[in-house]
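Enquirer: Could you build the full structure based on these sequences and the hints that come with them?
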Amino acid sequence: MKKLAKFWILLVMMFFTCTLQAQIDGYIQGDVNYSLVLAFHKADTVIVVLPDNYILTDQEKTAIENYVFWEQYQKKPVYIYRSESELCVQDKSRNLQFYGPFCDFQMDEVQNIPIKQVENGFMFDNEIFPEPTDAFFYINDAANRLFTCRNSTQVWHQYSNVAAGYFQLYIFRDTELFLSGFCSDSSFRPEVNHIMKMRQTHFETVATRHFDFKLAKSICTDSLRQVILEQADKGLEILSNSLKTDTLDLERMTTYVYKNMTELQQFLSMSPQMTIFGKSIGSVNHVSSLDMAVFYHELAHTIIGRKIGVQSNSFFCEGFAVYTGYLMENDSYDTDFETTENNLDLLTEAIITGPDYQFYSHPPLYPISGVFTRFIIEKIGIGTFKTIYANQNIEKAFTENGYPLTDLIDEFKAVVAKK
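Going by the numbering used here, the sequence shown opens with residue 658, and the numbers climb by one from there.
Hints are computed from structural coordinates only; laboratory data are not their basis.
Here are the computed lysine-lysine pairs in the DSBU-like style, where the Cα-Cα straight-line distance is at most 35 Å:
1. LYS1070 to LYS732
2. LYS749 to LYS699
3. LYS1075 to LYS1036
4. LYS718 to LYS732
5. LYS964 to LYS874
6. LYS718 to LYS854
Expert: Here it is, written out as structure tokens:
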């Protein structure tokens, strides 16, 4: 989620001992305390190191700094951005985050981790990852060096989308998690979950015109197949028409349907202390069971991201997707409106423009974001809203189009109060 291709999370970080649950055969558990990443980000300052000549976008900078999703428990560090050649001796005593194409780094330090540079890629445990879409996340044992690197600029790094840090190491291939686990930078002895290999034997495929559904074999029934074949493509057409867009040029979309939340958490290598029912990463969606409402919500994230734009503001990213649910099922709006009435004081400009954790730590903000987004769309029209949504600084875009957020909030609250 803080994506960016954001994941649909009802993300509530619950720092208490979780009950033991069944797990995938051979699955290695991670560190529920996120010890390494919390230690790394406990520093006052993090220096983000870029390869020389790398041009960092504002969107990337936002993603790097929004990765800290535990800000209510620990202060976010100050971020300084420097190229390799700009680093001084004193900088190397600070916590460094390496960001960018791994092969472009020249510093000796990059040779001190289990992931090795090879031509146009990287190597781990004697396996070479040469694809332009390959990427990895690794934090060293001392928790003073974090690597969020990829092979090219053609792909968005997915580490924040899976709340990386439950494990020391993650390797991604495009929008899929390839493996996760641990590998000390002193012993180089790997203990990993080969996630892609695990998927090959765990799922069966049901194909439709636009989708490949990967169903956990334990739940793959004829009735479930029938639901998918009857509703998936139809729902896509309804959603596209409602958003005044189309299905042209859409790549095939994959949806993983798990037996339960535990399976979803493990195949995405996320902490069991995160409550998550679904996640959208590019054209790949994950749902903890085949609840069509959850599927349509994740699908909305995909279509919006592909056809309208990727939005880093969590409130409107989720609000737009929640709004699409009202187009698919009539009764959900009434329930959400009642929640909004009862929690109207939560809606403030500070919440809308604030850090992600503020949104995700207040569950009523989910329906509030949907109801508020519907109010805005009905007021200014879907076309204008889509134009505003496509801007990375969505708050500024509202003002520039003549709709300051403060005015919209005041008008919305007045309308709700009258009903």
